[in-house]
Amino acid sequence: MSPQLKNQLYELSVRLGDDALILGQRLCEWCGHAPSTEIDLTLSNLGLDLIGQARHFLTYAGELEGKGRDEDGLAFERDALDFKNCLLVEQPNGDFAQTIARHFLFSTWQLLFLEQLAQTNDETLRAIARKSIKEISYHASISAQWVIRLGDGTPESHDRMMNGLDWMWRFVDELFLVQEGIEDVCENIGLDLSSIENEWRNKVAATLKEATLDLPADRKGIFGGRVGHHSEHLGPLLSEMQSLPRTYNDANW
Amino acid sequence: MYTTELKSGSDGGKKRSKVEIVEDPAKLAAFEARVAADEFIEAKDWMPEAYRKTLVRQISQHAHSEIVGMLPEGNWLRRAPSLKRKAILLAKIQDEAGHGLYLYSAAETLGTPRDEMIEALHSGKAKYSTIFNYPTLTWADIGAIGWLVDGAAIMNQVPLQRTSYGPYARAMVRVCKEESFHQRQGYEIMTVMANGTDAQKRMAQDALNRWWWPSLMMFGPPDDSSPNTERSMRWRIKRDTNDELRQLFVDVTVPQAEYLNLSIPDADLKFNKEKDGYDFGEIDWDEFYAVVRGEGPVAKERIKARTDAWEEGAWVREAAMVHAQKQSKKDAA
Ligand SMILES: [Fe+2]
Ligand SMILES: [Fe+2]
Ligand SMILES: [Fe+2]
Ligand SMILES: [Fe+2]
Ligand SMILES: [Fe+2]
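First to last, the sequence lines map onto chains A and B.
Residue numbering for the first sequence follows my numbering, beginning at 1 and increasing consecutively.
Residue numbering for the second sequence follows my numbering, beginning at 1 and increasing consecutively.
Wrong hints could be hidden among the right ones.
Here are some, though not all, of the chain B residues that point toward chain A, as calculated from beta-carbon distances under 7 Å [what the hints assert, rightly or not]:
#1 71
#2 90
#3 197
#4 199
#5 309
#6 316
#7 320
Hints in this document: simulated from the structure, not taken from any laboratory.
All figures in this text were calculated on a predicted structure; none of them were measured in a lab.
Backbone N, C-alpha and C fix where the C-beta goes; we use that ideal spot for every residue, glycine too.
Whole structure, please, built from the sequences with the hints as guidance.
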């Protein structure tokens, strides 16, 4: 593989690793504070899966980068400009409906994406994808169930669910540009994303219909996560997450 | 300890003995005989009202401790210094949530609904372990909690696997397996830090300094101030006294601290050959009783976090209930 392709493969792995890491970190904020202990357990499960996936993707990214950085080197020593997660996952938790809106929109995309990644010819990515599909199928289904429960629950939960979707909707278009700038390597490993957007729109529309929720109106998409231009929400998240390794840079933990 | 009777006032042995007088003596004698023979009492079996009450209080207090105990550790989850540590800590806190759920279920078998127990926690009527009213100030506290707090929990809970109430004993079997895992993980964090940089060593020693005495207090008041111990032991709700368990904890933990080159903050600590165990200094019981009364350093923060979560989540629980009702109506139609 040419150095240029290898660099793109690093970039792809980092995008996927950062998606999982940042969303996992967001879910950690709920720990001990969820609406019920059962929901606390569910959110921790989702967070654990994502942190696990982040470790796999970032370890691989570190190998591809070849500068001796491991998962922690990448997670804790990069600045916001070098984080490549999509803007959706870094959005604040808000209320439980907003958290569910984010998780539903993201994991529905992530599942479709991983199904494609599992068929590529990059052995490592394929293996991570196959392992993750089982987990993310659960994420997509549990979050869809909550969208339905809240949408078709009380008038209050219906409104909150609508507001949650409304907050997140401007970040949806960015999901379908995950390959932007790294098209060569996507083609090289045989990653075919052509059908994802349609499938995603159908699935989301079907769930919202069952939830008696209107599909949010189209709007101008907001982009930038994949090139390191984030929302104002990422910086504080990183400062907190990275504080120990950055303060004590000669320490092992 | 998670399960030691923590009551600030004395509700008087009088009230309780009144209840006992009402019990049918033949049934009571049969019950006492079954318990003395180490039989398990099950939810549907006859039991004296005082037994039921004591158990509900003890098990729900234990459940509350698991749930409140998620907060001090959750404080460091977002700042865990490696992804592996973050995953381990999240899984650990998740285990504690699971323990809370088994225990609430065990207590519910005695006829008290979970919402009622939670209400009692939030109103301050129900207690939880005093240990969770202390703050977590550095990452070493996460190690110290696993090592000392989960370690102390094990000492108390291993005997409870043979407690007389079946659902409680079975919950303890599951819980104990996970607690010993937590204890080892905590000690491992301490090992790395105690052998780390100067800054890490300082954090490790400081964490031990702050958590040592509160850990000893977890075992509850001294035996001569635990009026119900005798009856609880007879009923196999308790299987060892507070002081016996505390001594066992000290004897097991001191060599572990020595191995880490950390010093126990007790000038009176000394090995006593005759009793083949350590003598240790006087516990500050005034502090203990203050914390039991709800005057611990972060007691207000802990209860506020729990009530906020509960109140802010009310609309979610309500929506889930309403949705389930709509579904069952649809299914019936
Ligand atoms: Fe999982
Ligand atoms: Fe609507
Ligand atoms: Fe677990
Ligand atoms: Fe526990
Ligand atoms: Fe534990």
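Status of the hints after comparison with the structure:
1. 71: Status holds, d = 5 Å.
2. 90: 6 Å, holds
3. 197: Nearest chain A Cβ about 5 Å off; hint holds.
4. 199: Holds, about 6 Å.
5. 309: 4 Å, holds
6. 316: 4 Å, holds
7. 320: 5 Å, holds
Of the numbered hints given earlier, the model fails none.
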